[in-house]
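Here's the letter readout for the chains.
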Amino acid sequence: MVIIDAHVHLTRNSKTIPFIRYTPTELLKDMNINGIGKAIVCPNIDPYSTKIENVKRENDWIAECIKRNPKRLIGFGLTTPSTGEKMGAQEVERCIKKLEMKGIILTRTKILPIGYYVDYLTKIFEKCIELNVPILMNGNRPGWNGEDITFIAQQFPNATVIMGSMGGHNWEQFGVVEIASETTNIIFDISDCYFNPIAITRAIRIMGKKNVIWGSREPYNSQSASLKELQLAKLKRWNTPLKAVTQEEFELVAGKNIARILGLK
Amino acid sequence: MVIIDAHTHLPSKPNPRTFFFRLTLEELIGDMNENGIDRSVTMTSPPRDTRLKVTQKENDWIANCIKKYPKRLIGLGFTNVFTDNPPSIGEYWSSTGADMGAKEVERCIKELGMKGIKMHGYVCPIYPTALTKILQKCVELKVPLIEIHSGFHQITSLPERIAFIANQYPELTFYMNHMGGPHGELHAISVAKHTPNLVLGTSACDKWAIRYAVKQLGAHRVLWASDNYCHAVSVEFEKLRSAGLTKQEFELVAGENVARILGLST
Chain A
-5 MVIIDAHVHL
5 TRNSKTIPFI
15 RYTPTELLKD
25 MNINGIGKAI
35 VCPNIDPYST
45 KIENVKREND
55 WIAECIKRNP
65 KRLIGFGLTT
75 PSTGEKMGAQ
85 EVERCIKKLE
95 MKGIILTRTK
105 ILPIGYYVDY
115 LTKIFEKCIE
125 LNVPILMNGN
135 RPGWNGEDIT
145 FIAQQFPNAT
155 VIMGSMGGHN
165 WEQFGVVEIA
175 SETTNIIFDI
185 SDCYFNPIAI
195 TRAIRIMGKK
205 NVIWGSREPY
215 NSQSASLKEL
225 QLAKLKRWNT
235 PLKAVTQEEF
245 ELVAGKNIAR
255 ILGLK
Chain B
3 MVIIDAHTHL
13 PSKPNPRTFF
23 FRLTLEELIG
33 DMNENGIDRS
43 VTMTSPPRDT
53 RLKVTQKEND
63 WIANCIKKYP
73 KRLIGLGFTN
83 VFTDNPPSIG
93 EYWSSTGADM
103 GAKEVERCIK
113 ELGMKGIKMH
123 GYVCPIYPTA
133 LTKILQKCVE
143 LKVPLIEIHS
153 GFHQITSLPE
163 RIAFIANQYP
173 ELTFYMNHMG
183 GPHGELHAIS
193 VAKHTPNLVL
203 GTSACDKWAI
213 RYAVKQLGAH
223 RVLWASDNYC
233 HAVSVEFEKL
243 RSAGLTKQEF
253 ELVAGENVAR
263 ILGLST
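Chains as they are written, first to last, in the numbering used here: chain A, -5 to 259; chain B, 3 to 268.
Treat the hints with care, as some may be off.
What the hints assert, rightly or not - Residues of chain A placed beyond 12 Å of chain B at every Cβ, according to the derived structure: (1) G78; (2) Y111; (3) E124; (4) R135; (5) H163; (6) S175; (7) T178; (8) K203; (9) K204; (10) Y214; (11) A227; (12) T240; (13) E242; (14) I255.
As the list claims (entries may be wrong) - Pairwise CB distance ranges, derived in the manner of DEER restraints: (15) B:R50 with A:E47: 51 to 57 Å; (16) A:E242 with B:G115: 33 to 39 Å; (17) A:Q149 with B:R50: 37 to 43 Å.
What the hints contain is simulated information worked out from the structure, not anything from laboratory work.
Every value quoted in this text rests on a predicted model; they were computed, and no experiment measured them.
Don't be surprised by glycine CBs; every beta carbon is placed ideally from N, CA and C.
With the sequences and hints as input, model every part of the structure.
As structure tokens, this is what we get:
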């Protein structure tokens, strides 16, 4: 089976966290060590400087990275409602059609909660629906957490929304999965599972085995530790009446689901 | 090198809620053996019942566990601003409760041989005025380590609050586990820069934060911790291993720091 890391940020530099740097070379080295076949890579942009020229520059760089490693890397282009609805949707089209990206990551914007931007998201979501590509939204900040993402997903039921970072952190992740499961167009990304393997098992049981994908959120979190956590969910030792994750479920979550969603061979 | 897990929980009756590991004493030792952990700092999990006798029973249990494995386990005593009855609105903490908390500190350190004190914002009012008697007792007894849970999920666990308290007691070493994380790590590292008597623990924080904390504060101020009971020790250790530290930094974070702070022989 091919393991696909469904959530990686490539970055040359970050103003928010100055030392964060994760180049394709560093990613490929980690992938080889950890036995990862492919990785979905997104730009990493400071949410406080989401000017359209910055967004375009980072998307172009990601496209270059993919061109150099077409068998290992899959691109998600970045867009944001803070550049304006029209420009945001145009960048979706450019990423998918011109840069050959397979999906979109909608980045958080400054300090305003995502609910504030609902009116500015229509064109972006319509474009993603038209082009049949999923939208990844990181759910790890107040105002951009699991409940907010679920709300957005409900406004656009024909879109495929990937809820990043399990929609929150630690204990929140337990409640979020229940909320997300009530919405049929959400795919649950278990990157940033801060709690323990039981949280992963529970997410698979509640969301359904075909609606959960594994990602690491490198370089913010550890690919090897994150994969280990998914592997631990296969063990029967934990304090839970939930059935441990089966090999079939592991394979779906670790790669087959995202391959199906993106139409990868 | 010595590997010391700076934060594990060992409640006498593990929480029956389905998302905690069932961690008995033997399971904790088994996890340590499986993962090459030499010693673990352990404590009960915060009792929701804030009556003194409930916490005393838990601290006694931890002391007994340490007696069984004196070379593997190090105890932290749990304290609180205790209540005789559940508090009502406007009586969130009382002077009597604080006195009881200070006495429990004394009992934990002098009678039970604990090496430090733990407080948790879920059940304990982490307010400077509420904790005065408890922390004054810690100063008097020269308690080596005061651990306070941190996180962005509640006001009483915010890194800024813990740093504010730590700044008022420069004689004590405060231990902010979880580094304000997840997602409060930048705050924690930032306030720790201005609070020299504050060390940060790694459990449940992002991987990048471990390296960033080491670069910003120095490796001597970061403690590796698993929070075994809530988190898987092998995953937390892998996170540390993959954080990109130098060998010297790794050794300090993985065990030497906590050994130095608690005055353990390694």
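Verification of the hints:
{"no.": "1", "hint": "G78", "verdict": "holds, 28 Å"}
{"no.": "2", "hint": "Y111", "verdict": "holds, 20 Å"}
{"no.": "3", "hint": "E124", "verdict": "holds, 34 Å"}
{"no.": "4", "hint": "R135", "verdict": "violated, 7 Å"}
{"no.": "5", "hint": "H163", "verdict": "violated, 4 Å"}
{"no.": "6", "hint": "S175", "verdict": "holds, 16 Å"}
{"no.": "7", "hint": "T178", "verdict": "holds, 25 Å"}
{"no.": "8", "hint": "K203", "verdict": "holds, 19 Å"}
{"no.": "9", "hint": "K204", "verdict": "holds, 23 Å"}
{"no.": "10", "hint": "Y214", "verdict": "violated, 5 Å"}
{"no.": "11", "hint": "A227", "verdict": "violated, 10 Å"}
{"no.": "12", "hint": "T240", "verdict": "holds, 19 Å"}
{"no.": "13", "hint": "E242", "verdict": "holds, 22 Å"}
{"no.": "14", "hint": "I255", "verdict": "holds, 26 Å"}
{"no.": "15", "hint": "B:R50 with A:E47: 51 to 57 Å", "verdict": "holds, 53 Å"}
{"no.": "16", "hint": "A:E242 with B:G115: 33 to 39 Å", "verdict": "violated, 50 Å"}
{"no.": "17", "hint": "A:Q149 with B:R50: 37 to 43 Å", "verdict": "holds, 38 Å"}
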